[in-house]
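Colleague: For reference, the chains in residue letters:
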Amino acid sequence: DSGVTQTPKHLITATGQRVTLRCSPRSGDLSVYWYQQSLDQGLQFLIQYYNGEERAKGNILERFSAQQFPDLHSELNLSSLELGDSALYFCASSGRTSVEQYFGPGTRLTVT
Amino acid sequence: GEDVEQSLFLSVREGDSSVINCTYTDSSSTYLYWYKQEPGAGLQLLTYIFSNMDMKQDQRLTVLLNKKDKHLSLRIADTQTGDSAIYFCAENSNYQLIWGAGTKLIIKP
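Protein chains in written order, with our numbering: chain A, 1 to 112; chain B, 1 to 109.
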């Protein structure tokens, strides 16, 4: 158990809908990262927050957005969902040095 | 551009050593990582190495880094059935991890 929690574990929704994925980092970690894992694209970095502020942005679509709240939990919002958004979405957290990233169990999103 | 490459499969006999290889392209990466993913599970940080090191050993795991060739390897000694998983190599670049496609380790009895 990494100490990073993600909810929900599974999500099934229809095209065009909007969903919110939630992540709670390990106790004391200030950084939260979001990654997408799909069969065709592999693992891709989406976005990082550090203590509430966006720090780095990767291959995140404009339909996707994220935020980190004062209690350090983070949410990833996915809107206007398409079939190709079906994937595993991982959250990771790290401490001040950002050297070690610890991953949550992931949320499996299925868009039908 | 940034690209991390790994072979997709490795098959070894139980008890033998497994060596999983990886090449990366970003010479400014300060850390290189190995993660393990078991079926239906998340990503487990196995080990990482600082770019100014050549080798790091942690119990059954040995990481070798050849910075000149941008080559990273993970050796698992005495491979067990519980080592069956996908192993991902990753490099850090501008606060993000850039990932290989993963090597599926298959253990033969």
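Hints are computed from structural coordinates only; laboratory data are not their basis. Computed from a predicted model, the values in this text were never measured in an experiment. Watch out, some of these pointers could steer you wrong.
Quick look at which bits of chain A chain B covers, simulated, 3 or more residues with Cβ under 8 Å [claimed, not checked]: (1) 18-30; (2) 48-62; (3) 75-81; (4) 85-99.
Ideal Cβ placement from N, Cα and C applies to all residues, glycine included.
Colleague: All hints, please: hold or fail.
Modeller: Taking the hints in turn, this is what the structure says about them:
no., hint, in the structure
1, 18-30, "violated (count 0)"
2, 48-62, "holds (count 4)"
3, 75-81, "violated (count 0)"
4, 85-99, "holds (count 4)"
When the structure is compared with the earlier hints, violations turn up for hints 1 and 3 and for no others.
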